[in-house]
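Q: Sequence:
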Amino acid sequence: GYGLGTFPPNVKDPGSAPYRVAHILLKAHARVYHTYDDRYRASQGGVIALCPFISWAEPKTPSDPRDIEAADRYLQFLVGWFTHPIFKNGDYPEVMKWKVGNRSELQDLPSSRLPVFTAEEREYIRGTADVFCFNTYSSKIVTHSTTHLRPFSYEHDQEVSTEVDSSWPSSALTDHWAVPWGLRRLLNWIKEEYGNPPIYIIENGVGIKTKWDVDNNARMFYFKTYIDEALKAYKVDGVNLKGYNAWSLMDNFEWVDGYDPRFGLHQIDFDNPNRPRTPKRSAVYYAEIIRNNGIPLPKE
Numbered sequence: 001g002y003g004l005g006t007f008p009p010n011v012k013d014p015g016s017a018p019y020r021v022a023h024i025l026l027k028a029h030a031r032v033y034h035t036y037d038d039r040y041r042a043s044q045g046g047v048i049a050l051c052p053f054i055s056w057a058e059p060k061t062p063s064d065p066r067d068i069e070a071a072d073r074y075l076q077f078l079v080g081w082f083t084h085p086i087f088k089n090g091d092y093p094e095v096m097k098w099k100v101g102n103r104s105e106l107q108d109l110p111s112s113r114l115p116v117f118t119a120e121e122r123e124y125i126r127g128t129a130d131v132f133c134f135n136t137y138s139s140k141i142v143t144h145s146t147t148h149l150r151p152f153s154y155e156h157d158q159e160v161s162t163e164v165d166s167s168w169p170s171s172a173l174t175d176h177w178a179v180p181w182g183l184r185r186l187l188n189w190i191k192e193e194y195g196n197p198p199i200y201i202i203e204n205g206v207g208i209k210t211k212w213d214v215d216n217n218a219r220m221f222y223f224k225t226y227i228d229e230a231l232k233a234y235k236v237d238g239v240n241l242k243g244y245n246a247w248s249l250m251d252n253f254e255w256v257d258g259y260d261p262r263f264g265l266h267q268i269d270f271d272n273p274n275r276p277r278t279p280k281r282s283a284v285y286y287a288e289i290i291r292n293n294g295i296p297l298p299k300e
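Read in order, the letters of the sequence shown are residues 1 to 300 in my numbering.
I should point out that these hints are in silico values taken from the structure, not numbers from a laboratory.
There could be a bad hint or two in this list.
[Stated by the list, open to error] Mimicking BS3-like on lysine-lysine, the simulated pairs with C-alpha atoms at most 30 Å apart in a straight line are:
id, residue 1, residue 2
1, Lys242, Lys232
2, Lys224, Lys27
3, Lys191, Lys242
4, Lys99, Lys235
5, Lys235, Lys224
6, Lys209, Lys99
7, Lys209, Lys224
8, Lys224, Lys211
9, Lys97, Lys27
10, Lys97, Lys191
11, Lys191, Lys99
12, Lys211, Lys191
13, Lys191, Lys88
14, Lys235, Lys88
15, Lys191, Lys235
16, Lys88, Lys232
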């Protein structure tokens with residue numbers, strides 16, 4: 001809403017506004033966390049976290065140090081922007097501070113477009129999450145790129161380019177490709193980057209562009225492969241994964257994509273004023289996974 005201006009309030013200021021908004025968001029989040037800590041935690045026993053959207057970043061050439069750095073830089077700008085201050089030292093990732101600061105200087109600006117926290121603010125923000133939550137749907141292939149200095153842009157500041165593999169299964173959303181192995185790598189990255197915190201996957205699922213998809217094998221396969229990779233991260237890699245949530249319970253309104261992408265485990269007939277719900281095959285399959293706490297074995 002403050003970068004490309006796609007969402008309300010439709011502010012088109014991609015080089016500065018996103019950084020200012022995120023800066024205020026982090027301070028507001030810390031205020032809420034400490035307020036809950038002081039007034040309500042003792043009686044309620046709740047937990048608080050942020051929930052960023054993350055796509056795994058795979059280096060285009062795994063043997064090229066520049067692509068390896070670019071992939072990590074992509075993740076630092078995407079998620080470290082918010083989680084580094086909270087789970088590490090109260091401040092933005094060093095690579096982010098350096099990139100934005102250096103490019104701002106080359107753009108003849110008097111100071112960095114990335115705001116600066118005071119020492120008191122850093123201490124106030126650090127540690128203001130009890131668990132690590134995130135939403136994920138896909139992955140990107142990332143390579144280093146020399147980007148333009150003007151116009152100012154959060155995307156250009158990263159100095160990366162992204163693409164996808166045409167062999168990856170597609171979905172109703174153009175930037176959502178099924179890459180289950182990316183989830184395992186992402187979980188391990190979080191483990192190594194932030195000291196293996198308790199992790200909850202809040203949203204994961206696939207949108208299918210059809211009104212009637214009760215017999216949706218594609219969604220079942222998506223859940224099977226993604227949950228399988230999550231279980232590998234948990235059981236084999238030692239990732240402290242505490243929970244997984246499928247998106248979504250019912251077909252829903254998907255922002256600028258409207259009602260076309262069907263993410264639900266239950267189908268909704270939007271042409272019927274009563275909006276009747278019909279369980280899809282994926283709802284039955286997901287219920288079996290929950291009952292088994294894992295992928296059910298084939299029946300004898």
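Q: Hey, Lys224 versus Lys211, does the alpha-carbon distance stay inside 30 Å?
A: Holds. Lys224 to Lys211 sits at ~23 Å (cutoff 30 Å).
Q: Measure nothing beyond the straight line between the CA atoms of Lys191 and Lys235; if it is 30 Å or shorter, mark the hint as holding.
A: holds, 13 Å
Q: With a cut-off of 30 Å on the C-alpha distance, tell me whether Lys97 and Lys27 pass.
A: Holds, because 18 Å separates the two Cα atoms, which is no more than 30 Å.
Q: Does the structure keep Lys191 and Lys88 at a Cα separation of 30 Å or less?
A: holds, 13 Å
Q: CA of Lys88 to CA of Lys232, is that 30 Å or under?
A: Given pair Lys88, Lys232 holds - Cα atoms ~26 Å apart, limit 30 Å.
Q: Given the hinted pair Lys235 and Lys224, is their alpha-carbon gap at most 30 Å?
A: holds, 16 Å
Q: Would you check the hint for Lys242 and Lys232, treating anything up to 30 Å between C-alpha atoms as holding?
A: holds, 13 Å
Q: Need the status of pair Lys191, Lys242: alpha-carbon distance at most 30 Å?
A: At roughly 13 Å apart (the allowed maximum being 30 Å), Lys242 and Lys191 satisfy the hint.
Q: Is the straight-line distance between the alpha-carbon of Lys191 and that of Lys99 30 Å or less?
A: holds, 25 Å
Q: Does the structure keep Lys211 and Lys191 at a Cα separation of 30 Å or less?
A: violated, 39 Å
Q: Does the structure keep Lys235 and Lys88 at a Cα separation of 30 Å or less?
A: Between Lys235 and Lys88 the Cα gap is close to 26 Å, so the pair holds against 30 Å.
Q: Check the hint pairing Lys99 with Lys235 against an upper bound of 30 Å on the C-alpha distance.
A: violated, 37 Å
Comparing the model with each earlier hint shows violations of hints 2, 4, 6 and 12; every other hint is respected.
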